[in-house]
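**Student:** So the chains spell out like this:
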Amino acid sequence: MELDTFINQFEKAIEGLEPGSVAGGSEFRRLEEWDSLAVLTVLAMVDEEYGVQVSGLDLEQCDTVEELYNRIVGKTGSGDD
Amino acid sequence: METIDRDTAGSPFHLSGRTFLVTGASSGIGRQVCHGIASMNGCVIASGRDEIRLRETVERLDGEGHITIGGDLTSEEDRARLVDGLRPVDGVVHSAGVSRLKPANYLRPQFLEEMQQINYHAPLLLTAEMLKQKKISAGASLVFLSSIAGLIGTPANAAYAGSKAGIAAAARSLAVELARQGIRANSVAPGMVRTEMTEKTATQLASGALDADESLYPLGYGEAEDVANAVVFLLSPASRWVTGTTLVVDGGYTSR
Numbered sequence: 001m002e003l004d005t006f007i008n009q010f011e012k013a014i015e016g017l018e019p020g021s022v023a024g025g026s027e028f029r030r031l032e033e034w035d036s037l038a039v040l041t042v043l044a045m046v047d048e049e050y051g052v053q054v055s056g057l058d059l060e061q062c063d064t065v066e067e068l069y070n071r072i073v074g075k076t077g078s079g080d081d
Numbered sequence: 001m002e003t004i005d006r007d008t009a010g011s012p013f014h015l016s017g018r019t020f021l022v023t024g025a026s027s028g029i030g031r032q033v034c035h036g037i038a039s040m041n042g043c044v045i046a047s048g049r050d051e052i053r054l055r056e057t058v059e060r061l062d063g064e065g066h067i068t069i070g071g072d073l074t075s076e077e078d079r080a081r082l083v084d085g086l087r088p089v090d091g092v093v094h095s096a097g098v099s100r101l102k103p104a105n106y107l108r109p110q111f112l113e114e115m116q117q118i119n120y121h122a123p124l125l126l127t128a129e130m131l132k133q134k135k136i137s138a139g140a141s142l143v144f145l146s147s148i149a150g151l152i153g154t155p156a157n158a159a160y161a162g163s164k165a166g167i168a169a170a171a172r173s174l175a176v177e178l179a180r181q182g183i184r185a186n187s188v189a190p191g192m193v194r195t196e197m198t199e200k201t202a203t204q205l206a207s208g209a210l211d212a213d214e215s216l217y218p219l220g221y222g223e224a225e226d227v228a229n230a231v232v233f234l235l236s237p238a239s240r241w242v243t244g245t246t247l248v249v250d251g252g253y254t255s256r
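As given, the protein sequences belong to chains A and B, one line each in that order.
Its first residue numbered 1, the first sequence is counted upward by one per residue in my numbering.
Its first residue numbered 1, the second sequence is counted upward by one per residue in my numbering.
Keep in mind that a hint or two might mislead.
Stated by the list, open to error - DEER-style ranges, computed between Cβ atoms:
#1 B:E51 / A:Q53: 32 to 38 Å
#2 A:R29 / B:L112: 18 to 24 Å
#3 A:V73 / B:R55: 29 to 35 Å
#4 B:G220 / A:R29: 41 to 47 Å
#5 B:K200 / A:R29: 34 to 40 Å
#6 B:L107 / A:E18: 23 to 29 Å
Said to hold, decoys possible - To spell it out: a stretch of chain B is covered by chain A in this simulated footprint if at least three of its residues, at any positions, have a beta carbon under 8 Å from a beta carbon of chain A; those stretches are:
#7 122-136
#8 161-167
Unchecked claim - Listed below are several chain B residues computed to face chain A (Cβ distance under 7 Å; list not exhaustive):
#9 A80
#10 A158
#11 A209
#12 Y221
Hints in this document: simulated from the structure, not taken from any laboratory.
These numbers were taken from a predicted model, which means no experiment stands behind them.
Note that beta-carbon positions come from the ideal geometry of N, C-alpha and C, so glycine has one too.
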């Protein structure tokens, strides 16, 4: 799992996001396309791609895409799903 | 002729002398339904997967004679065993269920099948087994827990909504089919009440999402007790001319 791959998956998942519009340092809540459905979409994408269950509360503790990526990596590593 | 004891005299809302099977009785609405039945002097057979919590439910009920039967209702073997051990009942409350949000482009066969198994197949197959073994008495009332999600559109909820609309439709069919046996079938469609299941679904959302949602309810979010009271009405002789309906209990949400 790599950050670039994750960013690509993140961009694909959210309706309206253009490829290349997001970087690791992007604050996802500031994205115009970010709404409650985007939250559920990211959770579903992470579940499907990484077999990891993150919650809305997990998301709240992250600001940037990279922070979210690191949180997922942490959950994958610890087997905490 | 039906015996009228002192408790029921004068009130068709009482459940004295009647026994009811409640699924999903270890928590949430199911657990509250058990309390509602017991408070109206009915007898409870509580079913659920978590036997410890099931016993907790029953130990706290008013009155005596309540029992538990553990088991997984999605298992054919467990269903058969449960029904084998039952005496004929005067009603069944199908409140075992699951809820999980998933955007449409992430719906997958396993997810849909699991939702259907628990929310739709299990209650119908339990009903089938009980009818086959003649464990539903004449005059009984079947109550299926549906949801307002089965009536109106909510995002990322297609799997749950379909299962809950399906069970309400199935109840209408059963109502017509079983009327000649004197058996009634209805569903209850609750709006958002705070239970462990809904809190778990809510963890999928950002905090604040629930507060925003609650503001759409004219009477605010409900309690499990509010739904249980509607279920008890449908179990009681007070609703003897009510069958095939869906009773919406949602604090006015769908009336907006």
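**Student:** A separate judgement is required for each hint: does it hold in the structure or not?
**Tutor:** Hint-by-hint comparison with the structure:
no. : hint                       : verdict
1   : B:E51 / A:Q53: 32 to 38 Å  : violated (26 Å)
2   : A:R29 / B:L112: 18 to 24 Å : violated (31 Å)
3   : A:V73 / B:R55: 29 to 35 Å  : violated (42 Å)
4   : B:G220 / A:R29: 41 to 47 Å : violated (27 Å)
5   : B:K200 / A:R29: 34 to 40 Å : violated (23 Å)
6   : B:L107 / A:E18: 23 to 29 Å : holds (25 Å)
7   : 122-136                    : violated (count 0)
8   : 161-167                    : violated (count 0)
9   : A80                        : violated (33 Å)
10  : A158                       : violated (12 Å)
11  : A209                       : holds (6 Å)
12  : Y221                       : violated (17 Å)
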